[in-house]
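Bring the two chains, given one by one in their own frames, into a single complex with the hints.
The listed protein sequences correspond, in order, to chains A and B.
When we follow the numbering used here, the leftmost residue of the first sequence carries the number 1, and every step to the right adds one.
When we follow the numbering used here, the leftmost residue of the second sequence carries the number 1, and every step to the right adds one.
Hint data in this document are derived by calculation from the structure and do not stem from the laboratory.
Incorrect hints may have been included.
[Claimed, not checked] In silico DSSO-like pairs for lysine-lysine, Cα to Cα no more than 27 angstroms straight-line:
1) Lys87(A) with Lys222(B)
2) Lys209(B) with Lys196(A)
3) Lys82(B) with Lys174(A)
4) Lys135(A) with Lys88(B)
5) Lys101(A) with Lys88(B)
6) Lys222(B) with Lys159(B)
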Amino acid sequence: MALRIVSRKAQGLGFRHVRGLQSFSLPDLPYDYGALEPVISAEIMQLHHQKHHQTYISNYNKALEQLHHALSKADSPTIVGLQSAIKFNGGGHINHSIFWKNLAPISEGGGEPPKASLGWAIDNQFGSLEALIQKVNAEGAALQGSGWVWLALDKEQQKLSVETTANQDPLVTKGSAWVPLFGIDVWEHAYYLQYKNVKADYLKNIWKVINWKYASEVYEKESPCLERQ
Amino acid sequence: MALRSVLSRKGLGLGFAQLRGLQTFSLPDLPYAYGALEPAISGEIMQLHHQKHHQAYITNYNKALEQLQDAVAKGDSAAVVKLQSAIKFNGGGHINHSIFWKNLTPVHEGGGEPPKGSLGWAIDTHFGSLETLVQKINSEAAALQGSGWVWLGLDKELKKLVVETTANQDPLVTKGPNLVPLLGIDVWEHAYYLQYKNVRPDYLKNIWKVINWHYANEVYEKESE
Numbered sequence: 001m002a003l004r005i006v007s008r009k010a011q012g013l014g015f016r017h018v019r020g021l022q023s024f025s026l027p028d029l030p031y032d033y034g035a036l037e038p039v040i041s042a043e044i045m046q047l048h049h050q051k052h053h054q055t056y057i058s059n060y061n062k063a064l065e066q067l068h069h070a071l072s073k074a075d076s077p078t079i080v081g082l083q084s085a086i087k088f089n090g091g092g093h094i095n096h097s098i099f100w101k102n103l104a105p106i107s108e109g110g111g112e113p114p115k116a117s118l119g120w121a122i123d124n125q126f127g128s129l130e131a132l133i134q135k136v137n138a139e140g141a142a143l144q145g146s147g148w149v150w151l152a153l154d155k156e157q158q159k160l161s162v163e164t165t166a167n168q169d170p171l172v173t174k175g176s177a178w179v180p181l182f183g184i185d186v187w188e189h190a191y192y193l194q195y196k197n198v199k200a201d202y203l204k205n206i207w208k209v210i211n212w213k214y215a216s217e218v219y220e221k222e223s224p225c226l227e228r229q
Numbered sequence: 001m002a003l004r005s006v007l008s009r010k011g012l013g014l015g016f017a018q019l020r021g022l023q024t025f026s027l028p029d030l031p032y033a034y035g036a037l038e039p040a041i042s043g044e045i046m047q048l049h050h051q052k053h054h055q056a057y058i059t060n061y062n063k064a065l066e067q068l069q070d071a072v073a074k075g076d077s078a079a080v081v082k083l084q085s086a087i088k089f090n091g092g093g094h095i096n097h098s099i100f101w102k103n104l105t106p107v108h109e110g111g112g113e114p115p116k117g118s119l120g121w122a123i124d125t126h127f128g129s130l131e132t133l134v135q136k137i138n139s140e141a142a143a144l145q146g147s148g149w150v151w152l153g154l155d156k157e158l159k160k161l162v163v164e165t166t167a168n169q170d171p172l173v174t175k176g177p178n179l180v181p182l183l184g185i186d187v188w189e190h191a192y193y194l195q196y197k198n199v200r201p202d203y204l205k206n207i208w209k210v211i212n213w214h215y216a217n218e219v220y221e222k223e224s225e
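Chain B with its partners taken away, still in its complex shape (with noise of 0.2 angstroms):
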């Protein structure tokens, strides 16, 4: 069989190649510069975070997938199995850190301005007040043990916003396939530790001044269509 040159696409932001019908991911880039951020979160915290965290999660996700590839073609289910932990984990890093960058957004591209639009819209509607959402948000993300995520996320049958929790880095569509993730907050320890230490909730209260509200509204038309 031919070796089949390796294309090179970005899909979903999800920046991938094809060779021989293995996909493998890479990492994508960031929209602003490490630094961007600051003084809500370090450009240690993102450099560390994009070039270490996110790059070992599409790293051993090839990996698990390469692995999966051959497992399938030998129809060694056991080993098929036992793959699904490292791809659910090492996936779902790949998946929740690639919505993550696009849900920040440096102050002067309009970090942490108020959803307009039909999200604005929902939110008033669902939760009472932008405030309350972020209180709810910062609640369930304080109280989370351990590691894990928190979403604003909008179940698409039921056409209603949710404020839902993940463990390690299970991603959204974990806790129902409907749906679909609109912002996370990663609050794994390694996210504000260097800057914030033990004290998460000053990491939450702060990352509200970074948070891509545009973004998040553009997914919510999208998917309310």
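Same shape as in the complex, but just chain A (with noise of 0.2 angstroms):
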């Protein structure tokens, strides 16, 4: 069989195919490690993505390379054995996926609160974007261990949700319907290099960096029958 290898850019993963088998690689921050000082160092910022999300990669591509072992052998014990580590380094490689495209720069929008029609569906759902934001964090920092904090798009009853999942579970794993419009990492190694143990103040800072603008045309696209009242 001839080795085929083809270079390609789908959604923000990048990946080529080998002989079937994708691999994935590190997609380029959107922004320099500085750009989002003071409210999340640059050391953190390179850590998280050159370190943290590189080795989800890293050990995603292994366990998908040993999958696919496996699954030409048939190999039933091994396939499912596999299921942990690729739902851990895969959700891992999708969510921080995600959270790059949550952030910006100041300079470049970060911050700005939400227009149209997803400032007006908050204001709808949530009474306002302070309750949500309430919301958002008492969630964040409530959550017990590692994980992340959502607001999330149910697609199928077109209504909005703040979520928490676990350690690196994506948000789908709460309901195929769920569509992340951003999401805050809360697992240590996203903050306590700058803000030690003090999640609370994370949270409190973040929102200055939130990139409103990425999440409202997501929950455009997602949302195809929009009418206001």
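Given below as structure tokens:
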């Protein structure tokens, strides 16, 4: 069988094909490591991107390769045994790829409140942006262990929700209709070097660099039947 | 009902006081100075870990227990059940960290000295050698997804040593009622990040230099009678 190598970027998850096996690569940050300061330090951004995210990708690729072999041998114990590594590392890749797009430097609109349909939906469902922020922060602060807090759109019911997931579980593990508008990483590595144990301060500050424009784009794309009452 | 005066008692290293039948817990002192475990674990980490993280678990545990007392008195089952998550997490955090401080000791006080006595023999019997046990613990700890602990435990019923992991602040007993912790290693990122950043394996490699095998052996001998 001839060796095929095709390079493609799809949905921001760079991957290439080799003999039917996709391997993923680290997406570039849309801004410099220091561009989110003083909210998130350059040191954190660099470690988070080059070490943590890269490790998820390396381990995801390794697990997928092992899965490829196990599938070809119909080795079910191995196939099933690999699911934990795939979920954890694949989830880590998915989640962090979204996260980098959820953040933007202040000079590029980071922190600017959502307008248009998402802004209206937030007011409608939560009362105000401030109420939503308080809810997200409360859920983020209360999360036990490692995980993420999400602003989610339920595509079927066309409503917004604040959800949390544990470890690197992607939002879709909470329900197949959920689409992430943005996620906030509350693993300690996301803030500890700068905020130490004070997770609440990280949560208070991160809103200054949240990219509401991107969240609005996703919302409008996934809500084709928008109408204002 | 007269207010009974506050009694101060230390039980099982978990300092607590009694007030009207409600126990409140307090932060146990470290048996060594914050910088005493350097360079294996930095003084900065030890101080934050003890004064901030462990203290927060205790504060929240006390709060949850007080709310539990009220809920039980009112027969409010919904509240009683709902509080269990906070009790498990914060009570577990208090239990686990209280053990952890005793699992560590400065090098000049025996930290890192291999276990002798009956625990040393049991380790060789069950794992082949201390090095094999250390490798097993390190590999389980490195592979742990998210936050949690890795334990060397004694199964009191089956009379054998086990390596187990628990998630978040779950105490070892959640893995089996007969399991007794001999030593635990905290692999939450706060336990190492300021010093080792993302390189958890380096933390795991170095922590053995300050592990208090003497304490682990004491627990083992006491629970093996």
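Hints and how they fare:
The suggested pairing of lysine 87(A) with lysine 222(B) is violated, with an alpha-carbon distance near 42 angstroms, which exceeds 27 angstroms. Simply put, lysine 209(B) and lysine 196(A) have alpha-carbon atoms about 25 angstroms apart, close enough for the 27 angstroms limit, and the pair holds. Only pairs whose Cα atoms come within 27 angstroms are accepted, and lysine 82(B) paired with lysine 174(A) is accepted, the gap being roughly 21 angstroms. For the hint linking lysine 135(A) to lysine 88(B), the alpha-carbon distance of about 23 angstroms falls within 27 angstroms, and the restraint holds.
Taking the CA atoms of lysine 101(A) and lysine 88(B), the gap is near 36 angstroms; set against the 27 angstroms cutoff, the hint is violated. Under the criterion of a C-alpha separation no larger than 27 angstroms, the hint pairing lysine 222(B) with lysine 159(B) is consistent with the structure, at around 13 angstroms.
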